[in-house]
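*Asks:* One-letter residues, chain by chain:
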Amino acid sequence: EAQVTQNPRYLITVTGKKLTVTCSQNMNHEYMSWYRQDPGLGLRQIYYSMNVEVTDKGDVPEGYKVSRKEKRNFPLILESPSPNQTSLYFCASSLAPPGTEAFFGQGTRLTVV
Amino acid sequence: QKEVEQDPGPLSVPEGAIVSLNCTYSNSAFQYFMWYRQYSRKGPELLMYTYSSGNKEDGRFIAQVDKSSKYISLFIRDSQPSDSATYLCAMSENSGYSTLTFGKGTMLLVSP
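Chains as they are written, first to last, in my numbering: chain R, 1 to 113; chain C, 1 to 112.
It is worth saying that the hints were derived from the structure and are not from the lab. All C-beta atoms, glycine included, are put in the ideal place defined by N, C-alpha and C. It cannot be assumed that every hint is accurate.
What the hints assert, rightly or not - Here are some chain C residues the structure puts well away from chain R; computed CB gaps all over 10 angstroms:
no., residue
1, S28
2, R41
3, K42
4, I62
5, D66
6, Q80
7, T101
8, G103
Stated by the list, open to error - Cut-off 20 angstroms, straight-line C-alpha distance, at most; resulting in silico cross-link-like pairs (DMTMM-like, lysine to aspartate or glutamate):
no., chain 1, residue 1, chain 2, residue 2
9, R, K17, R, E30
10, C, K42, C, D78
11, R, K17, R, D56
12, R, K57, R, E1
13, C, K42, R, E79
14, R, K57, C, E93
15, R, K57, C, D83
16, C, K42, R, E1
17, R, K18, R, E30
18, R, K69, R, D38
19, R, K71, R, D38
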């Protein structure tokens, strides 16, 4: 089954404690992205990757890092989480440009206290 | 001025109604237009994808793009309670992989 898998689905953490949200796709897609979704603000892109070792900033990259060492994986790293990063996060992947992200993960609800 | 405007709703209709969902945008460089459906506590799923202006039909769904007016629409014919969800428009510029800009979504409620 074609899918984008995110882990964990739910996470509560404390300010400043580094965390990683994993994302994996089994469709051999080149393009992967991370979004955050907040009430009243909609979906906003954090980072995206066009291929292995190729990443670029989206609209709201501050406080986040990503890496793309393998085609299937695109982890999101919060080096020092803060309460304003409490949000619902989605990973997405697509085969063709530009940004036809046909597949989203189920989401990770992160709470930073 | 926000780049993509979308009425948040909720839009409530009876089963069988024709639903019209709309987005306006300000960036004339947008070339690719998409509609996503998002059920509660789920990730968005792509419904329709259109390049430039024109219409596209897929089953009960019709997507329209009017670039001269910077206006896109999604019509749902014979709406069903299972269509109850939030509908997000999204768009991006041409060439390579550019940032995908989403509207904030319209919540649709179809009552039996």
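*Asks:* Compare the structure with each hint and give your call.
*Replies:* Cross-check of the supplied hints:
1. S28: Given that every Cβ of chain R is farther than 10 angstroms from that of C/S28, nearest at about 16 angstroms, it holds.
2. R41: Contrary to the label, C/R41 does not stay out of reach of chain R, its closest Cβ about 7 angstroms off (not over 10 angstroms).
3. K42: C/K42 not clear of chain R: closest Cβ-Cβ about 6 angstroms, inside 10 angstroms.
4. I62: The assertion about C/I62 holds, with a minimum of 19 angstroms to chain R.
5. D66: 20 angstroms, holds
6. Q80: Non-interface label stands for C/Q80: nearest chain R Cβ at 22 angstroms, farther than 10 angstroms.
7. T101: C/T101 is in fact no farther than 10 angstroms from some Cβ atom of chain R, at 8 angstroms.
8. G103: Check fails; 6 angstroms does not lie beyond 10 angstroms.
9. R/K17 / R/E30: 31 angstroms, violated
10. C/K42 / C/D78: 24 angstroms, violated
11. R/K17 / R/D56: Distance of about 24 angstroms is beyond 20 angstroms: violated.
12. R/K57 / R/E1: Outside the cut-off at roughly 30 angstroms; violated.
13. C/K42 / R/E79: Violated. C/K42 to R/E79 sits at ~26 angstroms, over the 20 angstroms cutoff.
14. R/K57 / C/E93: 16 angstroms, holds
15. R/K57 / C/D83: Judged against 20 angstroms, a Cα distance of about 34 angstroms means the pair is violated.
16. C/K42 / R/E1: 17 angstroms, holds
17. R/K18 / R/E30: 27 angstroms, violated
18. R/K69 / R/D38: This hinted pair is violated, its Cα atoms lying about 29 angstroms apart.
19. R/K71 / R/D38: 28 angstroms, violated
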